[in-house]
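Peer 1: Could you put together the complete structure from these sequences and hints?
Chains A and B are the protein sequences, given in the same order.
Numbering (full-length UniProt numbering) for the first sequence: 1 to 560.
Numbering (full-length UniProt numbering) for the second sequence: 1 to 157.
Hints were generated in silico from the structure; no laboratory data involved.
The beta-carbon is built from N, C-alpha and C at its ideal position, and this holds for glycine as well.
Zero decoy hints are in this set.
Selected chain B positions facing chain A (Cβ under 8 Å, derived; list incomplete):
| no. | residue |
| --- | --- |
| 1 | Cys9 |
| 2 | Asp10 |
| 3 | Thr17 |
| 4 | Arg18 |
| 5 | Arg25 |
| 6 | Gln59 |
| 7 | Lys62 |
| 8 | Gln63 |
| 9 | Ile68 |
| 10 | Asn69 |
| 11 | Ile71 |
Distance ranges between label pairs, derived from CB positions:
| no. | chain 1 | residue 1 | chain 2 | residue 2 | range |
| --- | --- | --- | --- | --- | --- |
| 12 | A | Ser43 | B | Leu154 | 48 to 54 Å |
| 13 | A | Pro428 | B | Asn72 | 44 to 50 Å |
| 14 | A | Leu316 | B | Gly36 | 37 to 43 Å |
| 15 | B | Gly36 | A | Asn187 | 27 to 33 Å |
| 16 | A | Gly67 | B | Glu58 | 31 to 37 Å |
| 17 | A | Gly20 | B | Asp127 | 50 to 56 Å |
| 18 | B | Glu145 | A | Gly121 | 28 to 34 Å |
| 19 | B | Asp39 | A | Asn187 | 26 to 32 Å |
| 20 | B | Glu58 | A | Asp270 | 24 to 30 Å |
| 21 | A | Ser43 | B | Asn72 | 40 to 46 Å |
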Amino acid sequence: MKKGRTYGAKALIKTLEKLGVEVIFGYPGGANLPIYEALASSSIKHVLARHEQGASHMADGYARATGKVGVCLATSGPGATNLVTGIATAYMDSVPMLAITGQVPRSNIGTDAFQEVDTTGITIPITKHNLLVQEVKEIPSRIEEAFHIASTGRKGPVLIDIPKDVLFQEFNLPDIKEIVLEGYNPNSEGHPGQIKRAVKTLEHAKKPLIIAGGGIIASESFDVLRQFAEKANIPLTHTFMGKTALADNHPLNLGMCGYHGKVVSNQAIDQADVILALGARFSNRHTINLDTYPGHRKIIHVDIDPAEIGKNVETLLPIVGDLKQILTRLNDLIKPCKHPDWISHLKDIDSRALLPVVPENELTQIGTMRIMQEYLDNPLFVTDVGRHQMFAAHEIKLPSGRHFLSSGGLGTMGFSFPAAVGAAVGMPDRQIVVIAGDGSFVMNCQEIITATEEKLNIICFIMNDSKLGMIAQLQDEFYKSSFDISDLGSFVDFPKMAESMGAQGHRVVTSADLRELMQDKDLYKGVHIVDCVIGKGGEHAYPMVRGNSILDIVEEGGVK
Amino acid sequence: MKHTISILCDDVPGVMTRISGLFSRRGFNIESLSVGVTDNPGKSRFTIVVNGDDTVLEQLRKQLQKLINVINVWDYKEESIVSREHALLKVKAISSNRAELLQLVSSIPARIIDSSGDLWTLEITGDTEDVSSFIDLFRHYGIVESIRTGKIALKRG
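Peer 2: Written as structure tokens, this is what we have:
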């Protein structure tokens, strides 16, 4: 090859290197092999997933754990469609991701060629942006633009589809000019007048409340949120995605609100006179029913995405911008306040909450989570989707920060293990802990192979109740049918499965077993799959809303 | 409530799907959609007419604005715009009614752009209501085929 000339795949990898990409999670196929050829001489590490869905969740987990853009790579056709669930998961939770897919050569596009699908067409509704690269000279600038779009404003996944012949084409590598996207100018500062009005409204509030959403984590506004909440003395509830916005044990943190929220949190939303919503999107998992959602007119809604404001609830004061910058301004401007009566009233409600009873010897989900925490040092938790996810949201006590990764918006079963692989690759010094159900774990258990191969430190606790727990609960609560579809049987030998894939397998049946295992120093090195045989299969995840409003919430067994 | 939405965007493949997809995803039936390039190279302008709830359309406008290829979106009020639609109309022009037809054509903003035997093709331009009422005028003579573009609109001033 002549000096200064390169070919498409090489330009792609060079651009990724320039952007600081350290790792790509991928799977090869005919259409993306030129990229692998270029990766051979690159500083970028490649992690071979065992399924493209795994690769997309890995990129997602890497991004959620590190705050960087996660990159995944698949071939055309089925490779690209296998990424779809992972891309949609990242889209719903606003995770920065770059998905690169191979496409059939340009001359074959539109002919139903072997392994051809309209990848950009399929992914339009689940990406922040996507495109098919038509000319090799576009590759560097399109990749830079994609990176910029994925990681700024409201973050999200961007997909770039590149035909195989374009990957092979030679061209002169151009210098990239400054990125100019006329239609893309995210506002980060927030309107100063609106910020001042928000401060006034909050200073006059008798019963103010903060609702913290996933935006706090995405913008890493942890410290300024805590300073502001303390200075203004405002209690805080968080959405599921807002867990770890503020430390779980912080005195102002009431806990999670919404469908599986705490009674005190939902009551606080009902009784507050001013609500400051920070990076929360008032999803139906939080509001249940917009007609019955407490009809406050005094909602101050701060979000980077103007389309989120007023989408579901009416807003008194919209503030569009970056949470960190806006919270800093709010914190600078607000006078120190005190709301002792309001806070003690909420504490009083909370003190009457029914607490789940955990038997001493029997292994339960809650008990398992409590015990494991006693032995873990600065863990990063990744949960799957189901009943264990809700138990984890309530029971796992964490400081603020990127410590709890879970698929909130899409509720993707099979998310946890591959996402944990991505997190472990991004954060090699952290102890990564997976909490999965026996149903959800099986959905991407093949990624144990990747974790073993990469010599990661992951402990995966399978809450094995031989059931699809959340389905069992929904059937119990809302259906009278005798067709129990939740039974998974108890014949899968998870320890053997783990061992067959090069990991360590364990089974614990009692809490004493679990304690003994947790004391074993070897548990904290390598990949460990712990089959926790949950005795009482039918623990329902409470509290939960059983009616039509966030106030129709029931706790363990009893309506209050 | 009828909305006339105007969108200035990059002229790139897929932009039509992205834009129309946002409407169909929310169950809107697009009444008319017209698109063409502008005098600015690489930019197109859409005019979309939909009927729907104001709040939902405000949300839709924001979602359209979020598309990376969309540069600007306007939801025009009827009174603030100039708008045009174009129709082609093939009518029977038999000798007994030709004179009458010709008179009619010359009294409104219409033109004969083709006459082949007993069939004349007329073009009509006007706002949406004009075009509808002109088409009605010719119904009596027997419309063989007709086609109309979607509305195009610009803000006054």
